[in-house]
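Trainee: Model the full structure from these sequences, guided by the hints.
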Amino acid sequence: MTGLTFRADLIAGITVALVLVPQSMAYAQLAGLPVVYGLYASFVPVIVASLWGSSNQLHTGPVAMLSLMSAAAVLPLAALGTAEFLQLSIMLALMVGVLRLLLGLLRLGIIANFLSSPVIIGFTNAAALIIGLSQLSKVLNVPFPRTDSFVADLWTVVEQLPSSHIPTIVFALATLAIIIGTKKIAPKLPGVLLAVVLTTLVSWLVGFERNQTVSVDAIRDPAARQLALDSASTARAIDSLGRTTSSIAQDIRELAKARDDDRFAELALLEADLRVLTREMEHRKLANNERQVDLHRLRFEHAVTAEGHDVFFRRGQTPADITADGHTWRISKVQGEQITFMGGGAVVGTIPAGLPRFDLPSFKPDFFWALLPSALVMALIGFMEATSISKAIAAQTKERVDTSKELIGQGLANIVGSFFSSFTVSGSFSRSAVAAKTGAKTGLFAIFSAIAVMLVLLFLTPLLYHLPQAVLAVIVMMAVFGLINIRALIRAWRIERQEAIAGLVTFVATLAMAPQLANGILLGGGLAIVLWMLRTMKPRTTILGRDADGTLAGAAENNLPPLGKHFIAVRFDGSLNFVNASHFEDMLLEARMRNPQAKAVLVIGSGINAIDVSGEERLRDVIDTYRDNGIEIYFSSLKAQVYEALERGRLFDVLGRDHFFRTKEKALTFMESTYDNDTLTA
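Each residue of the sequence shown is one higher than the last, beginning at -14 in my numbering.
What the hints contain is simulated information worked out from the structure, not anything from laboratory work.
Predicted, not measured: the structure shown is a model, and the values here were computed from it.
Don't take every hint at face value.
The calculated lysine-lysine pairs, modelled on BS3-like cross-linking and capped at a C-alpha distance of 25 Å, are [unchecked claim]:
| # | residue 1 | residue 2 |
| --- | --- | --- |
| 1 | LYS173 | LYS426 |
| 2 | LYS550 | LYS649 |
| 3 | LYS349 | LYS390 |
| 4 | LYS349 | LYS242 |
| 5 | LYS550 | LYS651 |
Mentor: As structure tokens, then:
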């Protein structure tokens, strides 16, 4: 490595780190984890991917789409903010890593080709909308209840617009202005980092965070106090139901493994109990979501009694002999008998200092099958995202990208990262673009960016305490909204409407099924495959006529007379196989019905790329059937592989070689002289 290469990688690594640090914290929150886990995911996985990957400019780390998909996959299995949620997020990263590694070792990256481009575009557009809009609650500083319907949750956020926190919105708008303004005025400056530094400094100076944790008894409004007590009581009931359902589910799995017919009735009763308890738990969750919103809408005034006790009155109801502090307070969180009031905005808070420790990721077999579909989709989506980025950069750098090697690198990054508290990572488009633009030459630039994250973890975490969460939300929104591509779907509609429909269905299904994003792309991918099979079953077939300029064209489409009075020329555009062999026969029958006087049929086979056993057998049947009716079948322009397959199958024993022509011109000349010669047909 030359000194110039080292210097270029050092500059690129530092520049990428300026984007990586705020992005990683934002994406950690998107994954439902504390911000420090975003920094963990930006340390060890980055180094591993740079050592084992294929592209020199690809930067691996937390990305928006997989972060949201991680949260969506784990949320139905564990409560947000719990240790189990963290353990399952890390376990999911391990599963994604193993799947990617296997795909890379077996060189099965071709599997990603089963997802057509419109399906990927539809999914990406929907996911970008979901990711961006999921941050709206942080911009408004209102609760975002999480249920099985993202659309319903988003509507709940929209309904809380009158309860939004104006200073938080101001910070969000300021962040937006700084990033956009920097991009226009001084594009070389890291606008994201500048926004983080300035907003954090202002947040600290104005005392943006103002929290107070007290007992529920400090609320002097009886109705509000009872609502808080009901919320705490229901939360305890939900936790209890969660433990009970988990225990019953474990008993059901053990009974199912035992396969004991004598205990079938017991198994059925347990399954019925599980369904009842699950419905009860969901009902209580919905009820507590409503209480959370109702509590947040209340406004309080804070005062200190003569005895030195903190008390909170509903705004406008503070007794005349008590002086409030002049701030408006809202209920932020109810936990047991303790309640946290918020008199300002939400900030990142305390970030643990120090590097992630080596620790074996928890593997919970009970949740393996529940996480597997999401892990598979995340492995494929992340792979396609990383390879598309690598190929886009390689088109400029002329670098060769080995997709299987990239899969191995991404797989190892997730596997090793899971031993250091990392959630799922992948290749980042924005950071890779920054690396390429700033002149990164080798994967060493990524290692430099990881070292910068290490320094942040060791020495700089206290400086990030006052960073407003709304700032991170805007960073996420700006990153993902740039991924929305409507023009690509419009272009797909013009080219192939069936594929465009699959893309639109994927878009709608992903939105409707959110937060379970994996279901949307699986549905869209399945539809795309079905539509492809339908097109394969019925390839384009045309009965030919001759246009005024002498060229061959579809007779029906162009209102042309058939080529001959006593012969028919047809074109079959598709491989002749078991899927469409019957369609080939139907096409010949239709051609015969349109011209009952025909004594011969010419099949122009330049569009037939291959033929299988079923196609060859159906061809024999058609030849025999037509000969019984006094009609001969001829072929022209067959490709070498098709001709050789017919030769190996000894079709020429049934149909002589004189029925095969190398070119359609020779075939048409023969047909006209043989079957349309007035002397012969008189």
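Trainee: Does LYS651 lie within 25 Å of LYS550 when you go C-alpha to C-alpha?
Mentor: Within the cut-off at roughly 18 Å; holds.
Trainee: For the pair supplied as a hint, LYS349 and LYS242, is the alpha-carbon distance within the 25 Å limit?
Mentor: Holds, because 17 Å separates the two Cα atoms, which is no more than 25 Å.
Trainee: Need the status of pair LYS349, LYS390: alpha-carbon distance at most 25 Å?
Mentor: Since the Cα atoms of LYS349 and LYS390 sit roughly 29 Å apart, the hinted pair is violated (cutoff 25 Å).
Trainee: For the pair supplied as a hint, LYS173 and LYS426, is the alpha-carbon distance within the 25 Å limit?
Mentor: 19 Å, holds
Trainee: Need the status of pair LYS550, LYS649: alpha-carbon distance at most 25 Å?
Mentor: 18 Å, holds
Against the hints set out earlier in the document, a violation occurs for number 3 only.
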